[in-house]
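Undergrad: Sequence:
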Amino acid sequence: MSRSPDTDFDSLLPPLALSRRDFIVTSLAGGFALAAGPVAAQTAIKTDAKGLVVGEIKVPVADGSVPAYRAAPDGKTGLPVVLVIQEIFGVHEYIRDVCRRLAKEGYMAIAPELYSRQGDPSRYTEVSRLISEVVNKVPDAQVLGDLDATVAWAAQNGGNAERLGITGFCWGGRIVWLYTAHNPKVKAGVAWYGRLVGNADPLHPTQPIDIATKLNGPVLGLYGGQDAGITQDSIDAMKQALAKGDDASQDSTFVVYPDAGHAFHADYRPSYRADAAKDGWSRALQWLDKSLKS
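Start counting the sequence shown at 1; every next residue gets the next number (full-length UniProt numbering).
Keep in mind that a hint or two might mislead.
Unchecked claim - Taking lysine-lysine pairs in the BS3-like style, the calculated list, with each CA pair at most 30 Å apart, reads:
#	residue 1	residue 2
1	214	290
2	244	76
3	76	50
4	104	244
5	293	185
6	244	50
7	244	290
8	46	290
To be verified - Between beta-carbon pairs, the in silico distance windows are:
#	residue 1	residue 2	range
9	246	41	39 to 49 Å
10	77	56	13 to 23 Å
11	74	133	36 to 46 Å
12	44	126	40 to 50 Å
Keep in mind the hints are simulated off the structure, nothing from the lab. For clarity, every value in this text was computed on a predicted model and none was experimentally measured. The beta carbon of each residue, even a glycine, is placed where N, CA and C say it ideally should be.
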């Protein structure tokens with residue numbers, strides 16, 4: 001199977017009954033994801049933790065606790081909250097660095113490990129096995145519930161859940177669209193090259209295009225024109241669906257970088273495109289600031 005991160009993640013496996021002992025991941029692994037391939041050390045961005053409180057937290061959920069990475073300005077409360085949603089590779093160093101970048105901008109950024117019941121992505125060296133054995137088995141309902149629990153944790157620990165945003169990459173980009181329709185408190189979302197259309201199944205009954213008219217906050221979609229897995233036709237279809245919704249849906253917009261492919265923001269991988277990544281990051285901050293800091 002190709003190592004492309006554009007693989008369709010659909011699965012026909014039914015949701016599993018969960019208990020506390022079903023949590024496979026109980027703490028976050030260090031470093032970068034092995035399955036993502038060698039790290040391009042010359043380009044990987046490294047954000048320090050000066051002036052921040054950072055580290056692993058435990059988010060209580062109904063059947064146990066989910067590990068998560070939190071970064072926030074030290075000594076401050078009432079912070080706007082941004083959920084950071086992982087790629088297929090889990091909450092590895094790249095996602096943690098994104099959290100620190102957001103914290104440097106005045107946000108409480110939290111990235112929960114959303115595969116914690118299904119498997120440990122840090123143990124995989126092959127993308128195909130990671131997708132088939134872990135990613136495809138993660139129910140959307142579980143993800144949305146864990147994100148609700150993460151927002152509740154933030155509200156009790158210095159965050160302002162009334163100023164809530166979300167951003168995510170690849171697998172997480174799709175979740176941005178779904179969660180923005182799910183939680184009425186979401187004020188803004190930024191979806192980086194998340195899938196927009198696909199087949200429904202018991203674990204993934206809804207795709208972003210199905211909830212395009214139901215967004216609670218506007219979403220900025222950042223996509224690559226050379227992304228073989230997310231076509232311009234699907235983006236155009238999503239735009240047409242958004243136009244039929246209320247203000248939040250109609251205010252959503254796309255920026256497509258013609259020369260960029262999938263994962264162009266992933267600065268530790270060969271897919272990184274500096275110009276598109278930097279422009280997208282600037283737009284993402286402006287988008288979040290407008291809704292969460294005004």
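Undergrad: Hints first: check each against the structure and report whether it holds.
TA: Results for each hint:
1. 214 - 290: 21 Å, holds
2. 244 - 76: Violated, because 40 Å separates the two Cα atoms, which is more than 30 Å.
3. 76 - 50: 14 Å, holds
4. 104 - 244: 37 Å, violated
5. 293 - 185: 14 Å, holds
6. 244 - 50: 45 Å, violated
7. 244 - 290: Measuring from Cα to Cα gives roughly 23 Å; hence the hint holds.
8. 46 - 290: With a Cα-Cα distance of about 26 Å, the restraint between residue 46 and residue 290 holds, given a limit of 30 Å.
9. 246 - 41: 39 to 49 Å: 46 Å, holds
10. 77 - 56: 13 to 23 Å: 20 Å, holds
11. 74 - 133: 36 to 46 Å: 39 Å, holds
12. 44 - 126: 40 to 50 Å: For residue 126 against residue 44, whose Cβ atoms are near 22 Å apart, the range 40 to 50 Å is violated.
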